[in-house]
Amino acid sequence: MSTAITSRDPGYPTDRENYLTNSSGILSWIFTLDHKRIGLMYLVGVMTAFAVGGLLALAIRLHLLDPEGWMFTGAEANNIYNQVFTLHGAIMVFLFIIPSIPAALGNFLVPVMLGAKDVAFPRLNLSSFYLWCFGAIFFVSALFSSGLDTGWTFYTPYSTTTDTSVILATLGAFILGFSSIFTGLNFIVTINTMRPPGMTWFKMPLFLWATYATSIIQVLATPVLGITLLLLIAERTMHVGIFDPEFNGDPVTYQHFFWFYSHPAVYIMILPAFGIISELISVHSHKHIFGYRFIAYSSIAIALLGFLVWGHHMFTSGMSSLTTIIFSALTFTVSVPSAIKVFNWLATMYKGSISLTTPMCYAISFIFLFTIGGLTGLFLGTLATDLHLHDTYFVVAHFHYVMVGGTLIAFLGGVFHWWPKMVGKMYNEFHGRIASLLVFLGFNGTFLPQFVLGSRGMPRRYATYDPEFAFLHQMSTYGALLLGCGLLYAFIVLMASLAKGRRAPANPWGGATLEWACTSPPPYYNFERPPVVGDPYDFHNIEWDSQEEKYISTEPERKLVPEEQPAEVPAHH
Amino acid sequence: MIPALTNLTRPMPFLADVEDSFWFPKQASSFASEVDWVYDFILYICIAFFVPMMAFMVWTMFKYTKKKGTKAESQVTHNTPLELAWSIGPSVLLVWMFVQGSISYLDMRTPPEGSYDVGVQAFKWGWTMDYGSGTFHPELHIVKDEPTKLSMRSTDVIHSLYIPAFRAKKDIVPGRYNYMWFKPTVASEKVSDEELAKAKKQSEGSDGWDYDKYQFTPDGYTFFDLYCAEYCGTNHSEMQTAVVVHETQEELDAWIKANSSRPEDQTPAEWGQLLYNRRGCSGCHSNDGSKLVGPSFKDVYASQHALASGDNVVVDDNYIRESIIAPKAKVVAGYQPVMPSYKGQLSDDDIESIIAYLKSISSNTAAPAAE
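Line order of the protein sequences matches chains H and E.
Once you know that position 295 of the first sequence is 295 in the working numbering, the rest is easy, because the numbers rise by one and skip nothing.
So the working numbering is basically just the index in the second sequence, starting at one, shifted up by 573.
Isolated chain H, as found in the complex (with noise of 0.2 Å):
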């Protein structure tokens, strides 16, 4: 067989095609439709509140240094805790997890993943943004009135009775859900229609599947979150009677009404961290994924079941024992699939040819903590057991190894897997790694100790405790510190490429979706033609380009067919 390759490589963009630099002044991003530049824009915005969020945090962690209390301090010091976890809580559900994979990272990749040219809907993606901004905008003016101390679940009848900005809390989220309802239409319209020739459904990249499933559970949950709180609202001002028992509503009824919504939500927030990893551990292993079918399946399955779940957060509310049991068994069903994607990675990288890039190490910390994460739910959903953990600091470890050790650490992942597409600049690998090592180790320090505390008898959402938690507490609040000085590093590693990075070729890490097809980073109109389709995770025609650090495509010279011409056809039949 002939070994003469032609190699296909989109080369450097020019300054004129380049997203980034083909218009320029603030009104250019102000009034922009291009989906990468909404998604750079997203980026920002989820990692300003992350940041906020993440300096909450640490306010939490310093107060519990001692059972006293260390932070704050004075007849109020009770009250600012409570206000602080409550913003904290906010802050990373509404403004930051949420949004942070679809939004971010999803409005620069489905269009590109796709070869199209942008989602399908560019002026309704705009507006999602600023009604995002809008809602964040309430939210800290919340912040700046008179605080907000109900915790993020807002639960009645605290949160009808507490003289704190509830309303306009309540308004922020409210538009921040339209924002989100926006996004996954958005996304859900794109998918369906704008996949290339030659896409089928099984063709698409995980992320997508991901995606496509986040956006349904998007579009059917979110709405009832308006609905909760539009009543919330109108108890508190024309004390309809539904959820105050006061005037004879149940309180019980807001928990189900809340939870419809927010534990789908908590799918919104960890499906399209499952799409990532795929992606990440299949080209860093350079070895096709493991499982397609499974994987893909088991995302929709997990859309599905759960709408199902959401009374396991009551289990102490005082339903009834066959309501509970029921829930309790439910939520057993929705494990499965979760499990059947880590076997699937774990079979993705063996045998393959690993890259231990930055990306391929929060992967690899991902499953690590995501395992623990899910592990640790089966304490939850068995009843005996979760009567005693519930509402204790167990559950605040358990939710925090799979939002943080699951979610954010494969939003990590995903920003280092993607950043050379989205800025084109490579970053340091070295410190990088370091980073995320850095990461690994102050998330576990700040949560393993967290489990233990949970099942000695700690509550969660104390500004004080008892002395004989004042180890463990301390122990947690030394691996925040850690955590906090890791983040800090890999934001300054991303931060230090732009300055001085090497300049990102179109493919750096040898993907096979069609993203790294064009150059890093991609022109404005992503394609100048359709690209062509093939399978995602096929990776035999990837070669590495040593001399260039660059992985291009290869085309095994092919024997060209010699045209037919067409038997000339008689003018009569």
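Honestly, the hints are just simulated from the structure, not real lab data.
Please note that the accuracy of each hint is not assured.
In silico BS3-like pairs for lysine-lysine, Cα to Cα no more than 27 Å straight-line [said to hold, decoys possible]:
1) K351/H x K916/E
2) K644/E x K351/H
3) K932/E x K916/E
4) K550/H x K641/E
5) K756/E x K773/E
6) K641/E x K425/H
7) K425/H x K644/E
8) K500/H x K425/H
9) K756/E x K774/E
10) K774/E x K639/E
11) K756/E x K599/E
12) K550/H x K903/E
13) K425/H x K774/E
14) K599/E x K425/H
15) K903/E x K871/E
16) K916/E x K830/E
17) K550/H x K640/E
18) K640/E x K500/H
19) K351/H x K932/E
20) K773/E x K786/E
21) K864/E x K722/E
22) K639/E x K351/H
23) K830/E x K864/E
24) K351/H x K425/H
25) K932/E x K550/H
26) K500/H x K641/E
27) K550/H x K636/E
28) K425/H x K117/H
29) K932/E x K903/E
30) K351/H x K903/E
31) K203/H x K644/E
Following the hints, complete the assembly by docking chain E onto the known chain H.
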């Protein structure tokens, strides 16, 4: 300065008691061994999965990390029998967890006939246990090996009663009764009289009794912690009380009798101060002039207050009595109408004693002249 890690000298510095295990506090109810057993079993299953999976991952990480450009050894895309096996196989264990968890749960939900019944009233931020016949106390006193049922209600927001040593928890939802039960299996111990006398002397002059510091109640019993586990506002973390388990019913009856009314040797003002701390007044009304949820009690007696309705009121015996029985009738301007009624929960003598206590911390003790 950030405080350093304390207690590093002890091998397991976070174990409060030698009888604690690594994961759990002492087992002090019939549920505890059951819950711990299920927990341990799930833990072993998790370890049995987690350790091999992670060992496999780390092994592949080292074994298959290759120079860039190396082709993968295999490009296998799937193996349906294998995938089905690892999807369905572990489900058997999930079914076991569900069944065992539900069986134990049903047991924990169903109080046996003839359980000893204690009424529980939760409020921001304290507890009142109702022992019947007019005896109320913030501590929960029960009898060893006697199934005990709690009938719980809340006067304001959702609370949750949690006793870690019993592995028992239940939310308390306003507008309905919630029930829970347990059977304590370990009795509290009584500390020596000298130790108790020493602690009492130390705590003189300070507000209330520091349970965490002494680790026994003002009556000299060791106790189990009782927490509020559902976030309920400012002092959620201080909404704690003690559970004392008596050896015999007679011992409990004697304790109830001793706490049912003012002892002969106490003045009304002393008894009033005790009630002020014990019945939750101190959570919202300071006795040093600082503003909490409600007006401070210092110098309140015979003072004048503007009401939310716009009227003025002089704080006399009648106003105090009314404010205890019907707190929302005349609310002082600048405060929320959030205080629960104590109607039927304080005897005439109790109210009299509280008034005497308020007089004792006010500079103006002469009853104001009726207008």
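Right, here's what the structure says about each hint:
1. K351/H x K916/E: violated, 75 Å
2. K644/E x K351/H: holds, 10 Å
3. K932/E x K916/E: OK: K932/E and K916/E at ~22 Å, within 27 Å.
4. K550/H x K641/E: holds, 10 Å
5. K756/E x K773/E: This hinted pair is violated, its Cα atoms lying about 31 Å apart.
6. K641/E x K425/H: This hinted pair holds, its Cα atoms lying about 20 Å apart.
7. K425/H x K644/E: holds, 26 Å
8. K500/H x K425/H: holds, 8 Å
9. K756/E x K774/E: violated, 35 Å
10. K774/E x K639/E: violated, 73 Å
11. K756/E x K599/E: Roughly 14 Å between the alpha carbons, so the hint for K756/E and K599/E holds.
12. K550/H x K903/E: Violated, at about 79 Å.
13. K425/H x K774/E: violated, 71 Å
14. K599/E x K425/H: With Cα atoms ~57 Å apart, K599/E and K425/H exceed 27 Å; violated.
15. K903/E x K871/E: holds, 19 Å
16. K916/E x K830/E: holds, 21 Å
17. K550/H x K640/E: holds, 13 Å
18. K640/E x K500/H: Holds, at roughly 26 Å.
19. K351/H x K932/E: violated, 84 Å
20. K773/E x K786/E: holds, 12 Å
21. K864/E x K722/E: Not satisfied, since the Cα-Cα distance of roughly 38 Å exceeds 27 Å.
22. K639/E x K351/H: holds, 10 Å
23. K830/E x K864/E: violated, 36 Å
24. K351/H x K425/H: Violated, at roughly 31 Å.
25. K932/E x K550/H: The given pair, whose Cα atoms are some 86 Å apart, is violated under the 27 Å limit.
26. K500/H x K641/E: Roughly 24 Å separates the two Cα atoms, so the pair holds.
27. K550/H x K636/E: Holds, at roughly 24 Å.
28. K425/H x K117/H: Roughly 22 Å separates the two Cα atoms, so the pair holds.
29. K932/E x K903/E: holds, 20 Å
30. K351/H x K903/E: Given pair K351/H, K903/E is violated - Cα atoms ~78 Å apart, limit 27 Å.
31. K203/H x K644/E: holds, 22 Å
Violated hints, listed in ascending order, are 1, 5, 9, 10, 12, 13, 14, 19, 21, 23, 24, 25, 30; each of the other numbered hints is respected by the structure.
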